Amino acid sequence: MIKTPRIRLGRLLIYLVLIIGALISVLPFVYMITSALKSYGAILTNQFWPWWPFGDEPLQWQNYAQAINDIGFDHTWGIPLFYRYLLNSLIVTGLTVAGTLLISIMAAYALALMDLPGKNAIFMLFLATLMIPGDLTLVPKVVMVFRLGWYNTYAALVVPWLVSVFGVFLLRQFFMQVPKDLYDAAQIDGAGHIRFMFSIVVPISRPAIITVALLNFIWSWDNFRWPLLVTRDANMRVLAVGMQQFMAGEGGTQVHLMMAFASMVVVPVLIFYFITQRYFTEGIARTGIKG
Amino acid sequence: MALKVRADRWFGRLRSFRELSTVRQRRRLNTLLLGYGLLAPAVILLIVFEFYPLFSGFWISLTNWRLAKGDYIGFANYARALSDPGFWKALGITFTYSIISVPLQLGIALLLAYLLFQKIHAMSFFRMLYFMPYVTSTVASAAIWAYLFSPDIGPINRLLQSMGLEGLRWLSETRGIFQIMAARVGVDLPAALAGPSLALISLIIYTTWVFVGYDTVLFLSGLSNIPAELYDAAKVDGASGWKLFRHITFPLLSPTTFFVVLITIIGTFKAFNHIYIMTRGGPGDATTTASIYIFNQMVTYNRYGYSAALSFLTFMVILLLTILQNKIAGNRVVYD
Chain A
1 MIKTPRIRLG RLLIYLVLII GALISVLPFV YMITSALKSY GAILTNQFWP
51 WWPFGDEPLQ WQNYAQAIND IGFDHTWGIP LFYRYLLNSL IVTGLTVAGT
101 LLISIMAAYA LALMDLPGKN AIFMLFLATL MIPGDLTLVP KVVMVFRLGW
151 YNTYAALVVP WLVSVFGVFL LRQFFMQVPK DLYDAAQIDG AGHIRFMFSI
201 VVPISRPAII TVALLNFIWS WDNFRWPLLV TRDANMRVLA VGMQQFMAGE
251 GGTQVHLMMA FASMVVVPVL IFYFITQRYF TEGIARTGIK G
Chain B
1 MALKVRADRW FGRLRSFREL STVRQRRRLN TLLLGYGLLA PAVILLIVFE
51 FYPLFSGFWI SLTNWRLAKG DYIGFANYAR ALSDPGFWKA LGITFTYSII
101 SVPLQLGIAL LLAYLLFQKI HAMSFFRMLY FMPYVTSTVA SAAIWAYLFS
151 PDIGPINRLL QSMGLEGLRW LSETRGIFQI MAARVGVDLP AALAGPSLAL
201 ISLIIYTTWV FVGYDTVLFL SGLSNIPAEL YDAAKVDGAS GWKLFRHITF
251 PLLSPTTFFV VLITIIGTFK AFNHIYIMTR GGPGDATTTA SIYIFNQMVT
301 YNRYGYSAAL SFLTFMVILL LTILQNKIAG NRVVYD
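Top line first, the protein sequences correspond to chains A and B. Take the first sequence: its letters are residues 1 to 291, numbered as in this note's numbering. Take the second sequence: its letters are residues 1 to 336, numbered as in this note's numbering.
Heads up, some of the hints might be wrong.
[Stated by the list, open to error] Some chain B residues well away from chain A (every beta-carbon gap over 10 Å; in silico):
| hint | residue |
| --- | --- |
| 1 | 76 |
| 2 | 99 |
| 3 | 129 |
[Claimed, not checked] Derived list of chain B stretches under chain A, where covered just means 3 residues or more per stretch with a C-beta under 8 Å from a C-beta of chain A:
| hint | segment |
| --- | --- |
| 4 | 17–27 |
| 5 | 187–198 |
[To be verified] List time: in silico SDA-like cross-link candidates among lysine to any residue, alpha-carbon distance up to 25 Å:
| hint | chain 1 | residue 1 | chain 2 | residue 2 |
| --- | --- | --- | --- | --- |
| 6 | B | 243 | A | 153 |
| 7 | A | 119 | B | 327 |
| 8 | A | 119 | B | 243 |
| 9 | A | 119 | B | 40 |
| 10 | A | 180 | B | 233 |
| 11 | B | 89 | B | 244 |
| 12 | B | 69 | A | 180 |
| 13 | A | 180 | B | 62 |
| 14 | B | 4 | A | 115 |
| 15 | A | 180 | B | 249 |
| 16 | B | 89 | A | 102 |
| 17 | A | 180 | B | 4 |
| 18 | B | 69 | A | 143 |
| 19 | B | 327 | B | 233 |
| 20 | A | 119 | B | 29 |
| 21 | B | 119 | A | 95 |
| 22 | B | 119 | B | 12 |
| 23 | B | 243 | A | 11 |
| 24 | A | 180 | B | 270 |
| 25 | A | 119 | A | 143 |
| 26 | B | 69 | A | 19 |
| 27 | B | 327 | A | 133 |
| 28 | B | 69 | A | 69 |
| 29 | A | 119 | B | 233 |
| 30 | B | 243 | A | 143 |
| 31 | B | 89 | B | 16 |
| 32 | B | 270 | A | 115 |
| 33 | B | 327 | B | 172 |
| 34 | A | 180 | B | 301 |
| 35 | B | 119 | A | 134 |
| 36 | A | 119 | B | 49 |
| 37 | B | 69 | A | 133 |
| 38 | B | 69 | A | 102 |
| 39 | A | 119 | B | 62 |
| 40 | A | 119 | B | 301 |
Just so you know, the hints here were simulated from the structure itself, not pulled from any lab data. The structure displayed is predicted, hence computed values, not measured ones. Note that CB positions come from ideal geometry on N, CA and C, so glycine has one too.
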């Protein structure tokens with residue numbers, strides 16, 4: 001068949017729309033990265049490319065050092081506050097993701113592969129929580145944190161987020177595909193449930209587990225309102241809260257410093273995303289559950 | 001009846017357990033213990049941090065809880081909410097935010113997904129780029145957009161000015177968009193026709209940017225579930241282009257569309273982080289949505305009881321909308 005010009009024109013139009021969409025998605029990031037390396041003057045005069053070969057300004061790497069310096073200093077740990085925010089975020093996200101994974105794998109295994117009376121009722125209980133919006137339980141959860149004496153501690157930031165219904169749901173679906181014969185074979189070899197779970201089921205379910213880990217990582221890293229509510233001291237802030245506080249203060253006007261701060265937070269996550277992106281999109285497509 | 005079947009099943013289990021040898025009984029008991037033990041952490045956490053707060057939250061909403069425990073006051077908080085103009089206005093803004101966001105976001109996402117589905121080279125590359133805003137930390141992307149929107153130094157206004165247009169005040173503009181447009185041609189619109197504030201529209205632009213990629217991914221997976229034979233059969237019958245979309249893609253995609261509409265509505269009602277970061281509900285109360293209003297009642301005024309009552313009321317509104325959507329769209333959704 002001969003391709004008519006009309007079809008080729010249609011193809012061209014499709015690519016044009018897709019490329020415009022891609023540009024709009026990417027352009028704000030380009031502005032972030034470039035603005036972080038400009039002087040304040042170049043921002044004020046809105047020069048998109050103030051460097052060689054169109055301008056004579058050197059790359060302003062010192063913006064990063066200045067942003068870290070201006071954010072402040074944590075005297076309890078003797079490090080700049082930025083690093084403290086980063087450590088807090090890493091501690092909280094690390095504990096949350098690791099805990100969520102372990103707890104979800106255990107629960108999903110019991111629900112999918114063990115013969116337990118009442119397990120369907122328990123699974124319904126899990127699904128029912130998806131109906132409870134987080135906003136509805138915000139006030140009582142804050143009250144609970146005060147009562148437990150967890151205000152301004154890591155426990156308040158981690159423990160309430162340790163169970164992910166999304167994780168249990170996705171892993172259960174995945175574990176149910178594990179053939180029953182595999183367990184019988186493992187049992188003949190003398191392996192119990194725990195051995196079977198960690199040496200067979202978990203390794204063969206790696207894609208699902210990575211998806212759960214990544215999405216929980218993103219949600220935990222992005223968590224803002226909760227840490228804002230349950231922490232008080234500057235050195236207990238996570239990156240998201242620290243960034244917002246900087247933006248509400250000096251960063252609101254010093255755009256180049258704000259963008260330096262933002263790019264220090266965003267670029268590592270984006271690189272991480274580029275490496276692992278297939279797990280994200282597949283996980284979303286499979287469950288469609290939003291954090 | 002169902003109860004009797006259930007009870008019989010349990011008795012059956014008990015009987016077959018009794019018939020086992022002692023060694024097997026012990027083994028079975030160990031398995032049960034292990035199984036429930038594996039479930040215990042998740043179940044306990046769910047009960048403590050999801051179900052219990054649901055009930056204690058309702059209890060708090062019946063008290064005049066401020067920073068400390070308050071007295072039981074019945075439904076006084078609810079009655080107060082119903083006559084609180086601030087809350088009604090916040091609900092209205094949330095509703096506007098939702099009703100503009102949903103079609104905008106879904107329309108663009110559906111278009112992109114449909115185009116991506118036309119055997120496009122580098123399809124996964126495009127998908128990866130569209131999804132980038134969703135994985136980016138909200139505070140960071142909100143900070144970027146606050147700069148892009150900035151009235152004096154923002155690139156968007158500079159672009160408008162370079163095209164010979166007047167810059168806008170974006171996130172700090174309380175005037176309605178119709179009002180602004182009318183003012184450009186010298187017409188003074190009455191307040192009733194002012195339209196949603198430009199500040200709110202700016203937030204909607206940001207939200208669209210963040211979630212279009214996410215919705216596109218959902219639509220793509222919906223599209224890939226439509227059997228290719230249907231298209232082939234329709235093409236044999238002479239259908240093409242728009243007809244294919246109208247009579248095959250759109251109806252068969254309706255379960256996905258229904259689902260995406262639902263989570264987007266819920267998402268817009270929950271929206272908090274980017275609004276708080278970019279405008280804090282301002283200027284004035286132009287972008288004070290229900291979630292921002294509830295947050296302020298709790299944090300600024302320490303009205304915990306009142307805030308809890310407001311969240312229950314907002315939840316009822318979402319529930320009502322969901323039921324309404326089910327009623328309206330439910331019959332038109334085609335499940336294969």
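Going down the list of hints, with the structure as the test:
no.	hint	result
1	76	holds (16 Å)
2	99	holds (19 Å)
3	129	violated (5 Å)
4	17–27	violated (count 0)
5	187–198	violated (count 0)
6	B/243 x A/153	violated (59 Å)
7	A/119 x B/327	violated (33 Å)
8	A/119 x B/243	violated (48 Å)
9	A/119 x B/40	holds (12 Å)
10	A/180 x B/233	violated (40 Å)
11	B/89 x B/244	violated (43 Å)
12	B/69 x A/180	violated (53 Å)
13	A/180 x B/62	violated (51 Å)
14	B/4 x A/115	holds (21 Å)
15	A/180 x B/249	violated (38 Å)
16	B/89 x A/102	violated (44 Å)
17	A/180 x B/4	violated (30 Å)
18	B/69 x A/143	holds (9 Å)
19	B/327 x B/233	violated (32 Å)
20	A/119 x B/29	holds (15 Å)
21	B/119 x A/95	violated (42 Å)
22	B/119 x B/12	violated (56 Å)
23	B/243 x A/11	holds (18 Å)
24	A/180 x B/270	violated (42 Å)
25	A/119 x A/143	violated (32 Å)
26	B/69 x A/19	violated (57 Å)
27	B/327 x A/133	holds (22 Å)
28	B/69 x A/69	violated (42 Å)
29	A/119 x B/233	violated (45 Å)
30	B/243 x A/143	violated (57 Å)
31	B/89 x B/16	violated (63 Å)
32	B/270 x A/115	violated (38 Å)
33	B/327 x B/172	violated (38 Å)
34	A/180 x B/301	violated (58 Å)
35	B/119 x A/134	violated (40 Å)
36	A/119 x B/49	holds (20 Å)
37	B/69 x A/133	holds (24 Å)
38	B/69 x A/102	violated (36 Å)
39	A/119 x B/62	violated (35 Å)
40	A/119 x B/301	violated (44 Å)
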